[in-house]
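Participant: Chain Y is already provided as a structure; the job is to place chain F on it using the hints.
2 protein chains.
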Amino acid sequence: MEKFEIEFLGDVPKYIQISNNIKELIVEGKIEQDEKLPPIRKLAAFLSVNKDTIIRAYDKLESEGAAYQKMGSGTYAKRRDEGLIYKREYSKILKRISEKEFKGYIDFSGENVNIQYFPVKVFKSIINEVIDRDDIGVFVEKESSGFKGLRECINQRFWDSNMNIKKLLIVSGAQQGIDIISKAIININDNVIVERPTYGGAISVFKYRRANIFEISIEQDGMNLDELEEILKKNKIKAVYTMSYFQNPTGISMSMVKKKRLIQLANQYNFYIIEDDYLSELIYDEDVEYHSLKSMDIHDKVIYIKSFSKLFLPGIRLGYVIGTDKTTDAIIKSKINTDIATSSLMQRALDLYIRKGYWEDQISSMRSEYSYKYKELLKIITEELGDYVDIIIPKGGMSFFISLNKDLIDDKELFNRCLRRKVIITPGRIFFKRIKKDENYFRISFGNESIEEMRTGIRIIREEIEKGKK
Amino acid sequence: MEKFEIEFLGDVPKYIQISNNIKELIVEGKIEQDEKLPPIRKLAAFLSVNKDTIIRAYDKLESEGAAYQKMGSGTYAKRRDEGLIYKREYSKILKRISEKEFKGYIDFSGENVNIQYFPVKVFKSIINEVIDRDDIGVFVEKESSGFKGLRECINQRFWDSNMNIKKLLIVSGAQQGIDIISKAIININDNVIVERPTYGGAISVFKYRRANIFEISIEQDGMNLDELEEILKKNKIKAVYTMSYFQNPTGISMSMVKKKRLIQLANQYNFYIIEDDYLSELIYDEDVEYHSLKSMDIHDKVIYIKSFSKLFLPGIRLGYVIGTDKTTDAIIKSKINTDIATSSLMQRALDLYIRKGYWEDQISSMRSEYSYKYKELLKIITEELGDYVDIIIPKGGMSFFISLNKDLIDDKELFNRCLRRKVIITPGRIFFKRIKKDENYFRISFGNESIEEMRTGIRIIREEIEKGKK
Numbered sequence: 001m002e003k004f005e006i007e008f009l010g011d012v013p014k015y016i017q018i019s020n021n022i023k024e025l026i027v028e029g030k031i032e033q034d035e036k037l038p039p040i041r042k043l044a045a046f047l048s049v050n051k052d053t054i055i056r057a058y059d060k061l062e063s064e065g066a067a068y069q070k071m072g073s074g075t076y077a078k079r080r081d082e083g084l085i086y087k088r089e090y091s092k093i094l095k096r097i098s099e100k101e102f103k104g105y106i107d108f109s110g111e112n113v114n115i116q117y118f119p120v121k122v123f124k125s126i127i128n129e130v131i132d133r134d135d136i137g138v139f140v141e142k143e144s145s146g147f148k149g150l151r152e153c154i155n156q157r158f159w160d161s162n163m164n165i166k167k168l169l170i171v172s173g174a175q176q177g178i179d180i181i182s183k184a185i186i187n188i189n190d191n192v193i194v195e196r197p198t199y200g201g202a203i204s205v206f207k208y209r210r211a212n213i214f215e216i217s218i219e220q221d222g223m224n225l226d227e228l229e230e231i232l233k234k235n236k237i238k239a240v241y242t243m244s245y246f247q248n249p250t251g252i253s254m255s256m257v258k259k260k261r262l263i264q265l266a267n268q269y270n271f272y273i274i275e276d277d278y279l280s281e282l283i284y285d286e287d288v289e290y291h292s293l294k295s296m297d298i299h300d301k302v303i304y305i306k307s308f309s310k311l312f313l314p315g316i317r318l319g320y321v322i323g324t325d326k327t328t329d330a331i332i333k334s335k336i337n338t339d340i341a342t343s344s345l346m347q348r349a350l351d352l353y354i355r356k357g358y359w360e361d362q363i364s365s366m367r368s369e370y371s372y373k374y375k376e377l378l379k380i381i382t383e384e385l386g387d388y389v390d391i392i393i394p395k396g397g398m399s400f401f402i403s404l405n406k407d408l409i410d411d412k413e414l415f416n417r418c419l420r421r422k423v424i425i426t427p428g429r430i431f432f433k434r435i436k437k438d439e440n441y442f443r444i445s446f447g448n449e450s451i452e453e454m455r456t457g458i459r460i461i462r463e464e465i466e467k468g469k470k
Numbered sequence: 001m002e003k004f005e006i007e008f009l010g011d012v013p014k015y016i017q018i019s020n021n022i023k024e025l026i027v028e029g030k031i032e033q034d035e036k037l038p039p040i041r042k043l044a045a046f047l048s049v050n051k052d053t054i055i056r057a058y059d060k061l062e063s064e065g066a067a068y069q070k071m072g073s074g075t076y077a078k079r080r081d082e083g084l085i086y087k088r089e090y091s092k093i094l095k096r097i098s099e100k101e102f103k104g105y106i107d108f109s110g111e112n113v114n115i116q117y118f119p120v121k122v123f124k125s126i127i128n129e130v131i132d133r134d135d136i137g138v139f140v141e142k143e144s145s146g147f148k149g150l151r152e153c154i155n156q157r158f159w160d161s162n163m164n165i166k167k168l169l170i171v172s173g174a175q176q177g178i179d180i181i182s183k184a185i186i187n188i189n190d191n192v193i194v195e196r197p198t199y200g201g202a203i204s205v206f207k208y209r210r211a212n213i214f215e216i217s218i219e220q221d222g223m224n225l226d227e228l229e230e231i232l233k234k235n236k237i238k239a240v241y242t243m244s245y246f247q248n249p250t251g252i253s254m255s256m257v258k259k260k261r262l263i264q265l266a267n268q269y270n271f272y273i274i275e276d277d278y279l280s281e282l283i284y285d286e287d288v289e290y291h292s293l294k295s296m297d298i299h300d301k302v303i304y305i306k307s308f309s310k311l312f313l314p315g316i317r318l319g320y321v322i323g324t325d326k327t328t329d330a331i332i333k334s335k336i337n338t339d340i341a342t343s344s345l346m347q348r349a350l351d352l353y354i355r356k357g358y359w360e361d362q363i364s365s366m367r368s369e370y371s372y373k374y375k376e377l378l379k380i381i382t383e384e385l386g387d388y389v390d391i392i393i394p395k396g397g398m399s400f401f402i403s404l405n406k407d408l409i410d411d412k413e414l415f416n417r418c419l420r421r422k423v424i425i426t427p428g429r430i431f432f433k434r435i436k437k438d439e440n441y442f443r444i445s446f447g448n449e450s451i452e453e454m455r456t457g458i459r460i461i462r463e464e465i466e467k468g469k470k
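Protein chains in written order, with the working numbering: chain Y, 1 to 470; chain F, 1 to 470.
What the hints contain is simulated information worked out from the structure, not anything from laboratory work. Check before you lean on any hint, since a few could be wrong.
[As the list claims (entries may be wrong)] Subject to a maximum C-alpha distance of 30 Å in a straight line, what follows is the list of computed DSSO-like cross-link-like pairs (lysine-lysine): (1) F:K436 / F:K258; (2) F:K326 / Y:K207; (3) F:K103 / Y:K333; (4) F:K95 / Y:K207; (5) F:K467 / Y:K3; (6) Y:K233 / F:K103; (7) F:K95 / Y:K166; (8) F:K103 / Y:K166; (9) F:K233 / Y:K30; (10) F:K433 / Y:K333; (11) Y:K437 / F:K333; (12) F:K70 / Y:K326; (13) Y:K30 / F:K166; (14) Y:K379 / Y:K395; (15) Y:K121 / F:K148; (16) F:K207 / Y:K433; (17) Y:K233 / F:K42; (18) F:K310 / Y:K148; (19) F:K148 / Y:K124; (20) Y:K121 / Y:K356; (21) Y:K236 / F:K207; (22) Y:K333 / F:K437; (23) F:K51 / Y:K326; (24) F:K260 / Y:K3; (25) F:K124 / F:K95; (26) F:K166 / Y:K92; (27) F:K356 / F:K379; (28) Y:K310 / F:K236; (29) F:K326 / Y:K60; (30) F:K148 / Y:K422; (31) F:K51 / Y:K236; (32) Y:K166 / F:K207; (33) F:K326 / F:K356.
With the rest of the complex left out, here is chain Y (with noise of 0.2 Å):
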C-alpha cells in the first residue's frame, strides 16, 4: 500500500495527481498488468481523502487506457507499449536459449554476433603492441571525451578533418550515445519524435527522461515528413530520433530529398536531429550512396553516434558521438555524470587495429560476404513466403523487415511456432510501443547461417505460416 503515497503538491487537483501517481507505477512497473488496484474505500482512507475523489482518479485512468473496470470487482491496471513489455518477454526466452545451448537453432534474431570476421590472433598483438607501446598510460585515461588517438583517427578516417574535433568523443557503444545525449538535452515533458516502428532501447532511454514521445509512419523512402511537419507546427519538438540507413527494424534509408527537408525543418522549427549511423558500411547496391546526416549539417542540428560494437564485436563496447557547438560542452557534462570515460585499454588498441587498416579489411570481407547472403536470402525469401508476405528491400544491412497477413497468423504466434522448431525469428511488436490490429510483422537478420541453414529455416517458417491457414 505504501506504494500509492503522495505528497500532495498545493495546486493540482488531487485526483489528478493521484490518478499521476499510479499512471508512473504502472509505467516503472511496480504495479503489474493486471494488478486489482486498491479498493476506493481503502485508498482514500489511506491517503486521507474523500471517497469521490478516488472515484475521479479511478475514472480518469480508464478513460486514459491504464485501468479498467470488471464487474463486480473493482479497477484493475492496464499497461500500454505492450510492444516493449512484448519485448521484455522475448528477450528473457533468447537469452535462456543462448544461456543453454544455441546449437542446433537456426537464428535469424539478428541479437547473436557473426565471430567469423574478428581476427582474435591480430586483436591480440595489437593489444600487447599498445600495452609495450604506453605502458601504464594504457591504464590510465583522464580524458573524458575519449584517447585522443583515437579520436584524430576516426576524424582522419572518416570525416573532414576540418572538422573541430572537441566535438567529437568516445562512447560506450551506441546506447551510451543515446543516453548520454538525451541526458544532455532532453528534460522532463520535452517532446521527442521517433519513427515507428524504432529501436527500443532508444524508446527505453527518452522514457527514462520522461519525455512525451511521438511517433511518425516511416515510408519507403524514410520517415514521414509531411506527417513531421504537422507535429511541429503544433507543438515544440526538441529532438527528432533517426537511423538514416537500414533503418531497425525495417531496413529503410532515408532519400536524399528527405534528408535535405528534415535539416531545413530542423532548422526552421529549432529541433536537433538525434542521427544514429547503425549500419551504413554495410551497403550493397550500387545505387546507394552514403551521405549521413551530419555530413549535410549545415545548420549545425545533428547529433551522430556511430555505434564500433555492432559489427566490429558487442563485446568491445566502442562508439562515438558528434555534437553540435551549442551541445558538445553539456555531452561531454553528462558523459562524465554517466561514467567518467570509457576504458582506455580498448579505445587505445581499435586506434592501432583502425590505423593498421586491420578495421577497413575486416568490413570489406564482411561486406562482400554479407552482399551475398543478402542477396541469396532475398531469394530464397522471394521464393519460399512470396505467397504470403510483402517485403521492404533494404538494399544494405542485415535485416528484412517482412509484413504478413494477420488473418494467416500473427507474429506472436509465428514466433513461438517456429521456436519450437528451433527456428528464431523476431516478432514485429517488439519493436512498436503499441501496435494496431491490423500490423503484422516479423524481422529476418542473418549473420552466422550458412545458405542451406537459412533455406531450411524459412522453409520452416513458410511451414508454419501455412498451417497457421488451417
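Facilitator: What follows is chain F alone, placed relative to chain Y:
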C-alpha cells in the same frame, strides 16, 4: 505574476532593477530552480516597460548565471550552486596543468593516480592468458549483469557466498553505479539525502534525475542521524547516499552504532541507503573494523557500490553494484538502457587477476605504503599547520580534510596562491552545493609524492597561510 512587481527607482536602469529583483526572488526561494520566467512580452506588459528592457534583464541574469535559456522555450531560473560552479572551474585548471606538464608540481589534489603499484607486465600476461583461454569469448559479452566468472569471484572473495549472486552486477566504475541506481529508483521530485559535504559526482547525478536534494551535516562518527530523522518525519525520502568509510572529502567513517540506527531508520521510514564503499581497503588503524552497511542489511534496504578503479586504476573502469531483492531487476534494466554491458575483456582480466592473488598483493602493498605516508603526513601537517588549522583524523584513506579560519585566508585564495608555487590542494568549497560564510576547508590527498615532497608542499601551504594573515 505579482511577485514580479517592482516600484522603479529613479536613477538605476530599469533592466537592472528587474534583474536584481528576480535574483532576489531566486535567492529567497520565491522563484524555484528551473522555474520558467514569464514570457518577455507578458512581463513587459505587466511592468509597463519596453520588451527590450526585459530582454536586457534576462540577458543579464543569464550572464550572471542566475538564468538559462532553453531553446525556443524561454528563460528559466537557475539557483547558483556556487560550489558546483566553482568545481567546474577547478577541474578545468587541473586539466590544463595535467595536459601540459605535471612534473615539478607537488600534487595534493588526489585526482592523479598512483600508478607505481600497478604491475603492467603482470596485467599484460593476464590479458594474454585470458585471450588464449577464452578466445573470441573475450570480445563477446552478452550478459548485462557482467561476466559470470568475475561476479562469482567477487562474491566468494569479498562477500558471504550465501548471497544471491543475481543481485551483484558489474558496472563501469562507481560513477556509473550511482547513475544506474539513480535511474532505477529515483524519479523527478523524489527526495534524496546526502551528507554535507559530499562527492560532487553524486550530486550531479541526482540533479540529472531532478531529485530534491537535502543535505545533512556530518559529525566525527558519521552523518547526524537526529537531523536525518527530523527530515524523515516531515518528508517522504527515497534514498540516502553515504560513503561509510573515509567519506569524501571529510575522511569520516560511520560508527557501528550509527550504522545500525541508519539501517533501522531505513526500515522504519522505508528508504534506500546507497552505500558508496569508496576506500575501505585502506584502513590503517587497528581499532577500525570493517563492516559495510550492506553486510548488516537485515531489512534489504542497502544498495551497495564498489569501485575497483579508484585503487586499481582509473582507466580500467570497473566496479560493481549489489542491489536489493526489490531493486535488482530495475537496476539491471537501467544498466541495459545505459550501455548494454561493460567491456568484456577487462572483466575477465580482473577476474583472473583477483583469482591469482594479485589484487590482494597490490592492495596490501598500497595499504602498507599509504599507511606509512599517512602517518608521516599527519605528523608534518600537525607540526607545520597545527597553529592554524583543525584536522579530522580519518584513520585510513588517502586524504585529510582541513578546516582553516577564514580570517586567515579563504580556500580559493589559498588554492590559487599555492598553485602559483606549484603546489596543488583542493579547495573545500567544491564539495558543497553552497558554502556558508564561516565554512572554510581544504583537502590534502596523498599518493605519488615522497615524504620530502609532501613536507615541502605543506611548508609552502603554511607560508601562504601566514602571508594571508598579513
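Participant: When you check the alpha-carbon spacing of K233 (chain F) and K30 (chain Y), does it fall within 30 Å?
Facilitator: Roughly 24 Å between the alpha carbons, so the hint for K233 (chain F) and K30 (chain Y) holds.
Participant: Below or equal to 30 Å on CA atoms is what counts here, so check K437 (chain Y) against K333 (chain F).
Facilitator: holds (29 Å)
Participant: Do the alpha carbons of K103 (chain F) and K166 (chain Y) lie within 30 Å of each other, as the hint requires?
Facilitator: holds (26 Å)
Participant: Mind checking the alpha carbons of K236 (chain Y) and K207 (chain F) for me, to see if they're no more than 30 Å apart?
Facilitator: holds (24 Å)
Participant: Has the given pair, K148 (chain F) with K124 (chain Y), been kept, meaning a C-alpha gap of at most 30 Å?
Facilitator: holds (22 Å)
Participant: Within 30 Å, alpha carbon to alpha carbon, are K467 (chain F) and K3 (chain Y)?
Facilitator: Since the Cα atoms of K467 (chain F) and K3 (chain Y) sit roughly 58 Å apart, the hinted pair is violated (cutoff 30 Å).
Participant: K310 (chain F) and K148 (chain Y): Cα distance at most 30 Å?
Facilitator: It holds: about 22 Å lies between the C-alpha atoms, which stays within 30 Å.
Participant: Between the alpha carbons of K70 (chain F) and K326 (chain Y), is the straight-line distance 30 Å or under?
Facilitator: holds (12 Å)
Participant: Does the structure keep K326 (chain F) and K356 (chain F) at a Cα separation of 30 Å or less?
Facilitator: violated (34 Å)
Participant: Compare the distance between the alpha carbons of K148 (chain F) and K422 (chain Y) with 30 Å, and conclude whether the hinted pair is satisfied.
Facilitator: With Cα atoms ~26 Å apart, K148 (chain F) and K422 (chain Y) stay inside 30 Å; holds.
Participant: Would the pair K30 (chain Y) and K166 (chain F) pass a check requiring their Cα atoms to be no farther apart than 30 Å?
Facilitator: holds (20 Å)
Participant: Starting from K260 (chain F), check that the Cα of K3 (chain Y) is at most 30 Å away, please.
Facilitator: Holds, at roughly 25 Å.
Hint compliance for this structure: hints 4, 5, 6, 27, 28 and 33 are not met, and every other hint is.
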